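> Now for the letters of each chain:
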Amino acid sequence: MADVIPLDEFVSDEWYPGFKPAYDHAPWMVDPVDTFKKKDEETFWFLDFHWPRGLTPMGWIWGEDGYNWGTQLAAETLPLPPGRGMTSRFAGTHLYGSAVPVTDPREIGARAKRIEKSLPLFLGNFEDIWATRRQETEDGWAYLRSVDLGKLSLAELGENLVQARAYHKRAFEIHFEVMYPLLANFVGFYGQCVEFGLDPGQIGKFLQGYDTKIMETDRELWRLTAQARSGGLADVFAATEAENLSAALSAHGGAASTWLSHFEDFLQIYGWRTEGSCDLALPSWIEDPTPALGTIKTFLLKPEVHDFKAALDAAIAEREEAVDAARSVLTREEQAVFDGGLESCRAANFPWWQDDHNYYIDLKVSLPMRWACQEIAGRVGADASDDMFFLFWPENMQLVRGERSYPDFKPIIEARKQYFDHWYQRRASMPKMLGTIPDSVDDPIVIEIFGLNGHFLDTIKAAASGQEVRTLTGIPASKGIARGIARVLSNADELHRIQPGEILVCESTSPNWTPAFAKIAACVCDGGGTLSHAAIVGREYGVPTVTAVGLATAIINDGDEIEVNGTTGTVTVFHTATAGSTEGAEPAATGGVPS
Amino acid sequence: MSGTIIWTDQVDPATASAVAGAKMGRLSELLQAGVCVPAGFSVTIDAYRQHCAQSRLDAVIDTALAGLGDNPGPAPIEQASRTIRAEFEQRPISTALAKDITDAYDDLCLHCVEVNVPTAVRSSATGEDSDDASFAGIFDTYLGVSGPGRILDAVRACWGSLFTERALDYRHRRGISHHEMPIAVGVIELIHARASGVAFSIHPVTGKSDRIVIEGNWGWGEAVVQGLVTPDHIEIGKSDGRVLRYDVASKKIVSAFDYAAGRVVETDMPARLVDRRVLDDEQTAAVAEAVAAIEKHYGFPVDVEWVLDRHRRAGEPICIVQVRPVTAVKVSSPPPARWNPVSAATKYAFHRTT
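Chains as they are written, first to last, in the working numbering: chain F, 1 to 595; chain S, 1001 to 1354.
Just chain S, with the same shape it has in the complex (with noise of 0.2 Å):
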C-alpha cells in the first residue's frame, strides 16, 4: 500500500483526518464505531501534494494567486479560479499516481462485486475550519461517477475545487494559505438510494437538544443538502423515540440517476412521488437510533447524511455517508427539569431573566 491510497476500513482512525481529511476520516471513525458506511478509499493529501508537484501546479496557482492583491474583487478571483481549475482539469496525473488510483477503483469493484461500480467521489478538506458548517458545499461531490477514466476525471476535478471562487474568497478573508488546507477525495461505494437526506442530532434552528430532526427526499441527497428542494421534516422525542412530528412535503425536484450521463442529476420529481411521505415509521426510527448513536460516540451533537438503501429491509441499518460536528447553531437550554411557576413567571409574564 502506497501513501497515495488509504482505504476507509484499514486506517488507523486517530491518523485519518490528517491523511485523507476530515470527512473520509470521519467515516473511518463511524466504521470503527460500529455504524454502517459505504466502502471506499481515499486519494491522500500526500498524493495531492505529489500531483501539485510534479504537475507544476503550484507554480500555476502561485502566479495567479499572486495577481491578486490585498482586497480583491469579485472579478478578479473569478479570473484566478477559472485559470487554475482549468490547469487542473488539463493536467495529466502521473502514470504511478494514475495506477494506484486505478487500482484501488479496481479493488473496490472486487470488494462490491460489480464491474464499473458507480461511486461518490468526494471532496475531503483538511485545516481547522473543515468541520465547519460554512465549509458544506464549498468544494465539489460527484455521484454516481463509474469506470477508472471517469474517476481520475472527479479526482482531478475534486482537486480543482480546492479553488473555487467561493473557497479562494473563504481563505482569503480569513488569511489561510491554500498550502495550509490541501485537499483528499474519497472515492466511495455508491449506495442505490431509495431515500436519502440529512438528520441532525439538535434542532438546527431553535437548538433544543431534546430532539432529532430528520429531513429527506426520494433518490440521493444532494437536491436536500444543496437547498433545491423541500424536503419532509420529521422531529423526534431523543429519549423515547416518539414521532413529534412529520411533515409531509410537497418535493419537486429530486437527485436520480441519469444512465446516459452515468451520473447523478437533479430533476423533476415524477408526479406520484411528490406529496407521498418518504420514510415509514421503522425508517424514520432507524436514522433517528443512527444519528443518536453517532452523537453518542462524538459526545457532541451532530448533523449526517444518511441513504436509505434501495434493498434494504426493516431491522437493517441505515446508511451514514458524512457526519460533521453541530458548529452553526447554539445549543439551547434544555427544557426546565419540571415546571417552576416562578421561572415561567419571570419569563414570560415579567420578561425578565433569570
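Just chain F, same shape as in the assembly (with noise of 0.2 Å):
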C-alpha cells in the first residue's frame, strides 16, 4: 500500500504573487517546471536540500536550467534507459524533485541499445571530456568577468543578462552531461562489488584520497589560519563578529594589512564561490567574505592545525588498505572484474568529481546573472539591489527593454519579498516529500545523491504515524564515533560559527559547507547517500558522518548531546535540550536574502 502525503496547501496557478507564467521563456525536454497541481499527488516528490532559504523568482531559473533542462536534456541524450532526469514543482519558494521515468519497457530497451554505445565512448574520453568542458566553462566566465556593466546601456545589460543565462544553462548541460554517465559506471561498480558480497561501506572507500579544487580552498583558508596566527592577529579574530573582522582588520593596520593583502589575494582564486549551490540570490566570497572570515575565525579555535597531508595520506592509505581487503575475498575471476571496474571508477572517479565540479560550476556559475541583475537594479533606480532577484526572467527582459518600468514592478517586488520571507520561515516544516511515497526508489540519482534509500523512506512512514524516536539510522557514510553537543544548522549562514568538537546536524551539506568538516567531531544529515557531499568530505577529513537519516534536523534540537556512529550509521540523542535554547543558533531572518 502505498503511503500519500496531500500536497493540497500547496497546489497554485500563481508561481510567486503576480505572476502566472505563459511558459514562453524557458525551454524543457520532457516535462516543465511548475508549482503543485492536484494531480501531481499521484507522483513522488521530496524537498530538495540545495536551496535551505527558498528561491527567489530569480533563482526559479535553476529549475529551469537545471533540472527540467539539464537533466532532462542529458537523461535523453546519453539516453538513461529508465528515466528522463528530472522535474520540479515549488511549494511556495521551496523546489520539490522528483524522477521522471520511462515506462514503455520497448522504449527503455531501445535507449539501452543507445547507451551500449554512448557510455564507453564517454568513460574512455572522460578525462578529455572533463578538460573541454571545464575549459568551455572557464573561457564563459572569463568572458562574463571581462565586461565592464558599469559601461552598457540598460539594453545592453539585457543582452549582458541573456549572456550570463546561457552560460549558466550551458554549465548545467555540461554538469549532467557528465554527471550521469560516471554516477551510471559508479553504481554499476557499486553493484558488482555488493554481489561479490563485499561490504557496501567500503566501497567509498575505493575511490577517496584524491585531491580537489574544493580540498584546495580550503587548504588555503588553512594557510592563512596559520598565517593569522603567526602575524598575531588570533586575539583580533576572537574579539571581532566575523561580519565585522574586515573592519576591524583594516582599522588594526600593521600585521593585518598583510594579512588582508594576502587573503585579497586569496579571495580572487578561490573568493568567486557562493554559501550555496547555483542561486544567484547568494553572494561571492569576494562580494561578502564574512563566510571565510568566520571560518578562519573558528579555525583559530582550534590548537592545532588541520594537517591536510595527514589526512590525504590517511585517506590514502585507507583506500588501499580497503582495496586489499576488499581483493583478498574474491576469486581471481571476480578480482578481474573487480580490477576493471575499480580502475574504470578511478579514471572516471564519481565520488572525485561530485567534489571537483563545485568550484567550476555550482559555486560560480549563477554569479554572472547576479552582477547583470545588481547592476540593472542600479540603472533603474531600485530600492535594493536585490530587487530584480524578485522579477521573473520575462519581468527582468521587459523591464531592460523598456517595456516596462522600475516603478509597475515596485510593489510586485515587495509583495514577493514578503512571500519569501514568509516561506523562509517555514522551510522547517517542510515536508521532506510529498505525494505518493513509493515503497523503494529505483532511480540512480535520486538513491545515491538524495539518501531516498528504503530506510529514509521508511523512517518518514514512522514518524508521520506518530512513533517516538530515539536512536536514528541512517547510511554509515564515514567511520568512526564521536560524541558531541549538537548544531542543527538550517542553512550555511551561521556555519562558521560552529565550535571545534560539536556536531553539525543539518538537511545536507554542499560544497561550501566543506571548511566545516575541519573542525567539527561529526556530522549527521536528514538526506544524502554514500555519495552525497558530507559522505565524500567526511570520508576525506576522517569526520563520522551518518547521512539519510531522514528527520535528523527535526528530531535533533540545537544544543542536545548525541553520539553519532558512522560505522553502523546510528545516531543516539541523549538527553533533549530544554526548548527555547535554540534561539541563540537562530539564524537572523530579518533581510531574507542578503544581498
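Derived by calculation from the structure, the hints in this document are not laboratory data. In this text the structure is predicted, and so the values were computed from the model without any measurement. Even glycine gets a Cβ: it sits at the ideal position worked out from N, Cα and C. One thing to keep in mind: the hints can contain errors.
As the list claims (entries may be wrong) - When the alpha-carbon atoms are kept at most 25 Å apart in a straight line, the in silico SDA-like pairs for lysine to any residue are as follows: (1) F:K417 to F:D383; (2) S:K1347 to F:P438; (3) S:K1347 to F:A347.
Stated by the list, open to error - Stretch by stretch, here's where chain S covers chain F in the computed footprint (C-beta under 8 Å, at least three residues): (4) 75 to 85; (5) 110 to 117; (6) 179 to 185; (7) 188 to 195; (8) 339 to 350.
Using the hints, put the two standalone chains together into the complex.
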C-alpha cells in the first residue's frame, strides 16, 4: 500500500504573487517547471536540500536550466534507459524534485541499446571530455568577468543578462552530461561489488583520497589561519564578530594589513564562490567575505592546525587497505572484474568529480546573472540591489527593453519579498516528501545523491504515524564514533559559528560547507547517500558521518548531546535540550536574502 | 563371492550403483578415480530382496501399506512405519545371509588388521531420486558399529529405515512403490576422525561455481550433516586455491566415539575446542583439492563428506566417505570475463537484465 502525503495546501497556479507563467520563456525537454497541481499527488516528490532558504523568482531559473533542461536533456541524450531526468515543483518558494520515468518497456530497451555505445565512449574519454567542458565554462566565465557592466546601456545589460543565463544553462548541460554517465558507471561498480559480497560501507573508500579544487580551497583557508596566528592576529579574530572582521582588520593595520592583502589574493582565486549551490540570490565571498573570515575565526579556536597532508595520506592509506581487503576475499575471476571496474571508476571518478565540479559550476555559475541583475537595479534606480531577483525572467526582459518600468514592479517586488520571508520561516516544517511515497526508489540519482533509500522512506513513514524515535539510523557514510553537542543548522549562514568538537546536524551539506569538516566532531544529515557531499567529505576528513537519517533536523534539538556512529550508521540522542535554547542559534532571517 | 556381498574395490563401477545403491556405487567410482575412500563392502540389493522374501517381510509391508489409503495423514503413516520397522528389527536374517555378512566383516577386520573394527553402516538407496539432495538423511546411518552381532543389527535397522515416516511420506507423495527403490547397506571402515565435514564444489547458496566451500567440525561429520552444530565455514577460490574467507564458528556439539555404547554419539564440545579453528592451511588445501578433483572426474558440481584421519600427515590425501551431485542449487552464471561498464550499469543502475 502506497502512502500518500497530501499536497493540497501547496497547489497554486501562481508561481509568486502576480506571476502566472505563459511557458514561453524557457525551454524544457520532457516536463516543465511548475507549481504543484492536484494531479502531482500521484507522483513522488522530495524536498531538495540545495536551497534551504527557498528560491527567489530569478532563482527559479535553476529549476528551468538545471532540473527541467539540464537533467532532462542529458537523460534523453545519453540516454538513461529507465529515466528522463528530473522535474521540479515549487511549494511556495521551496523546490521539490522528482525523477521522470520511462514506462514503455520497448522504449527502455531501445534506450538501453543506445547507451551501450555511448557509455564506453564517454568513460574512455572522460579526462578529455571533462577538461574540454571545464575549459568551456572557464572561457564563458572569463568572458563574463571581462565585461565592464558599468559601461553598458540598460538594453546592453539585458543582453549581458541573456549571455549570463546562456552560460548558466550551458554549465548545467555540461553538469548533467558528465554526471549521469559517471554515476551510472559508479553505481554499476557499486552493484557489482555488492554482488561479490563486499561490504557496501567500504566501497566509497576505494575511490577516496584524490585531491579536488574544493579541498585546495580549504588548504588555503588553513594557510591563512596559520598566517593569522603567526601574525599575532588571533586576538583580533577572537574579539570580533565575523561580519565586522573586515573592518576591524583594516583598522588594526600592521600585520593585519599584510594579512588582508594575502586574503585578497586568496579571494581573487578562490573567492568566486557562493555560500550555497547555484542560487543567484547568494553573494560570492568576494562580495561578502564574512563566511571565509568567520571560518578562519573558528579555525583559530582549534589549537592544532588541520593537517591536510596527514588527512589525505590517511585517506589514501585507508583506500589501499580497503582495496586489498576487498580483493583478498574475491576469486581470481572476480578480481579481474573488480580490478577493471576500479580502474574505470578511478579514471572516471564520480566521487571525486562530485566534489571537484562544484568549483567550476555549482558555486559560481549563477554569479554573472547576479551581477547583471544588481547592475540593472542600480540603473533603474531600484530601492535595493536585490530587487531584480524578485522579478521573473520575462519581467526582467520587459524591464531592460523598456517595455515596463521599475515603478510598475515596485509593489509586486515588495509583495514577493514578504512572500519569500513567509516561506523562509516555513522551511523547517516543510514536508520532506509529498505525493505518493513509493515502497522503493529505483532512480540512481535519487538514491545516491539524495539518499532516498528504503530506510529513509521507512523513517518518514514511521514519523508520520507518530512513533517515538530516539535512536536514529541512516547510511554509515564515514566511519568512526563521536559524541558531542549538536548544532542544528538550517543553512550555511551560521556555519562559521560552529565550534570545534561540535556535531553538525543539517538537512544536507553542500561544497560551501566543506571548511566546517576540519573542526566538527561528526556530521548528521537528513538526506544524502554514500555519494552525497557530506559522505565524501566526511571520509576525506575522517569525520564520522551518518547520512539519510530522515528526520535528524526535526528530532535532534540544537544543544542536544548526541553520539554519532559512522560505522553502523546510528545516531543516539542522549537528552533533549530545554525548549528555547535554540533561539541563539537561529539565523537572523529578517532580511530574507543577503544582498 | 555370492551375490549378497560386493566389495567396494572389486565391483565394476559401471554396475556398482545397480547392485550396491547410489551411495556405495559412488564410493567405488571414487576409488577407481584414485580418490582416498575407506575400505568396505555392500550388502547388496539382492540380499535385501532375499531377506524380505525369506522373512515374509513383503507380506507385512503390503498389509501395513494397504491400510494407508490414498491420502494418509501423519498418524497412519507413523503407525505403518512403526509396525514395519519393528518387524524388520525382530525378524532374524537367514543363517546363510548372516554368514555372508559376518564373513565379509571378518575379512574387513583382517584387511584393517583390527579386532572388531569399528565401521560406518550406511543405507545406500537406489532409484532415480537417490542422488537428490532431498534424500539426504532420509535413511539411517550408524557410526562406530563393531562386532558381528552389532553389524547384523545395524544392517537390519538400515533396511528398516526404508520405511521411516519421511521415506514413506516421500514415496507416497511421488507415487513411488518401495519395490522400485530397494536398499543396499554399506559397511565401511570407520575412519578415526580428527575432524570431518562437508564440502561443495560450488557455493551451495549462491551457486557461484568459481569457489569451493568447506564446512567442518571436530570429530565425525554427523553433527554437521544433521545441522546440529554451526561448523567452521571456509571459501576457497577454485582456480588458484586461495582461501577467500575462513569463519571460525563457535562449535557447541561434537560427534564423538562413545566407547561404552560402542558408537559415535553427539555430545557437548569440550570448551577448549569450541572456538578453535578446525583446519589449517594445508588441510584446507587438501580438502579443496579432493573436491575439485572429484568435480572434474564427474563433470558436474558435487558435495562430499570428508574425514580428516587422526593419523594423517601433511601431504597425504583427505578421506572422502560420500559424494553426491549438487542438484538443489542452480549454478549461477559466472562473473563476466572482464569489467563491462554497460552491463554493470544496466544491471545495477538501471535494474534491467540483459
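> Indicate, hint by hint, whether the structure satisfies it.
Right, here's what the structure says about each hint:
1. F:K417 to F:D383: holds (13 Å)
2. S:K1347 to F:P438: Within the cut-off at roughly 21 Å; holds.
3. S:K1347 to F:A347: Satisfied, since the Cα-Cα distance of roughly 21 Å is no more than 25 Å.
4. 75 to 85: As far as the stretch 75 to 85 of chain F goes, the hint holds, because 3 residues have Cβ atoms under 8 Å from chain S.
5. 110 to 117: It holds, with 3 qualifying residues against the three required.
6. 179 to 185: Since three or more residues must qualify, the claim that chain S covers the stretch 179 to 185 of chain F holds, with 3 doing so at under 8 Å.
7. 188 to 195: n = 7 at 8 Å, threshold three: holds.
8. 339 to 350: Satisfied; 5 residues make the cut.
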